[in-house]
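**Q** Build out the structure end to end from the sequences listed, making use of the hints.
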Amino acid sequence: MSPGFVELFYLTATALFIFSLHWMNRPETARRGVVAGAAAMLLGILATWAQPFVVNHGWMLLAVVAGIAVGYPLSRVALTAAPQRTALSHAFGGLAAALVGTGKYYLWLAEGPEELTTFRMTAIIAEVILGCITFTGSLFAAGKLQELKWVPQRAVTYPLQNVSNIALLIIAVAIGTWLVVNPAGPAAGWLFPAIIVIALLFGVLLIVPIGGADMPTVIAILNSYAGLAAVAMGFVLENNLLITAGALDGSSGLILSIIMCRAMNRSYLNVLFGAFGSTPQTAPEGAERGEYKADTPESAAQIMAQARNIVIIPGYGMAVAQAQHRLRELYDHLKRRGVSVRFAIHPVAGRMPGHMNVLLAEADVPYSDLVEMEDVNRDMPQCDVALVVGANDVVNPAANQDESSPIYGMPIIEASQARTVFAIKRSKNPGFAGIDNALYFDEKTWMLFGDAKQVVGELIKELAEESRIH
Amino acid sequence: MNQRRYLPRWAITALAVAIGVTGITLAMQSEPAAVAEATSASDAPDSVDYWPMVIVFLLSTFIGLGVIRRVSRLLHTPLMSMTNAISAIAVVGAILIAGPDYPPMIRLLGGIALFASVTNIVSGFLITDRMLKMFKRDKSS
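Here the protein sequences come in this chain order: A and B. According to our numbering, the first sequence holds residues 1 to 470 in order. According to our numbering, the second sequence holds residues 1 to 141 in order.
No lab work stands behind these hints: they were computed from the structure. None of the hints are false.
With a Cα cut of at most 35 Å, we get these calculated DSBU-like pairs of lysine-lysine: (1) K428(A) - K461(A); (2) K133(B) - K453(A); (3) K453(A) - K136(B); (4) K444(A) - K428(A); (5) K461(A) - K293(A); (6) K428(A) - K453(A); (7) K428(A) - K293(A); (8) K453(A) - K149(A); (9) K444(A) - K293(A); (10) K428(A) - K335(A); (11) K453(A) - K293(A); (12) K335(A) - K453(A); (13) K133(B) - K149(A); (14) K136(B) - K335(A); (15) K293(A) - K335(A); (16) K136(B) - K461(A); (17) K461(A) - K444(A); (18) K335(A) - K444(A); (19) K133(B) - K461(A); (20) K461(A) - K335(A); (21) K335(A) - K133(B).
Pair by pair, the computed Cβ-Cβ distance ranges are: (22) M105(B) - D451(A): 51 to 61 Å; (23) V55(A) - P8(B): 48 to 58 Å; (24) G23(B) - I166(A): 21 to 31 Å.
Derived list of chain B stretches under chain A, where covered just means 3 residues or more per stretch with a C-beta under 8 Å from a C-beta of chain A: (25) 55 to 61; (26) 67 to 80; (27) 94 to 103; (28) 106 to 115; (29) 118 to 124; (30) 128 to 135.
Note that CB positions come from ideal geometry on N, CA and C, so glycine has one too.
**A** Now the structure itself:
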């Protein structure tokens, strides 16, 4: 294929990528976006592959087949595992960027150091550092999300953590700068691998202090790093398609992390260096902390049957218990009785942006009944029953009232405004952030202890029996 | 729906600093050497004009911010797997390293990169489509 045609294909692919993201803004057109994106990708691959200097067809076909063999099963995972899969694919993205950057460095080094201009070296260093951080950081995040045994789930902290992490990053940047100035100097032989090792280590250390509740933000941040690594690769290879597609990914990650940070009332730096879960647990003030009032599914079902307006607030506990299908049955039962049922979705509920929406969509809940936090809070005082399913911090009134609370200032779903609150909770332990939730001790709150799936199942049974009696 | 500003001040500052640093680096670099050697070494890599790439980066970031802030919160998970698949355009770079007649080590690096990118392309687009298929409007309406 002649260079002109390659550029034409790249141009078309760029336009298609932009359209595909544009179509993503509404569920009606979103699937068209996937087709456009895949078409753009195919154009990019074809145009690149069909150039005359590409000769290793067998070797590349092998890699492609292996990629398909691994990629297809990854696309069939249960949607509760969507966060892990996303983190894993960020890791693959980072790996690809780091490898291409490394390859290009050694190619140019062999051709002659004059090829390694300041611009190229800066781009290569940026690409390799970003790629390596994304690779190990995302792998580690995926391990945490998958709850692998050898990966600590909770935030791990140690003294001088931030100082040593930042020092490590400064060392990497210093070596990087030195390499930019002397790309082929005598020490380059070991300094370039040193940068790779430091960046790989930094990726792990960056994720170690991150607790489960911060995962949505961190995944979004890693998303934008993966995009920026692709941009850097575009600068290295002087390829505008890579720059554009990488910038689209980078800005998407940026916007998502801003939304996540805002939904937690925290700054970017605070998420990365704040070590949320490590906040020393303030001794529970015995006076404020009342007793849990446990209720049976039977009486809960009776109250729900009388209600006219019910809001269900799902959280990560719903995903863990795989309770979304049962919730859909409950939703059907109540709807049939003429009750208005809606799901209130907090932006950071779950382990990645939009996690709850996807799970409920999987269970066939129509998206017109999934409402955002701001919209539902307005109606909360008119709501008869708020049913909290495995959510904790996102309904914790301490965010509004308790200035000493680590989540103070975080916007929450005002479940406590509803007339009656039922909270389904697995155990009496505090949530992931390790913070007590005053909502559970509120006088209008009744706890339903047990596995979310099982408790919702019992609610359904009681509702069904009751409708038989009447 | 949501009328709040999507870009907080620190993000704008960070973008401005990034653009500024890139610009100044480029400006300093292209100053004396390129002019002096322009006649002597026509194929010197320094003669490549990097400015257009930076402009492309700047503009596509703004397009990305504009397009993505309109994506409904409902679709943030599919959006993420979608942009993930899109950033697997790194496959182009992988082909450029794995394809030509380079030393075996380089081709190996390229091959692994190609494998990683293809994995992302296949799983990213397929799972996005699978998720989007599930989003349904209320059947009664």
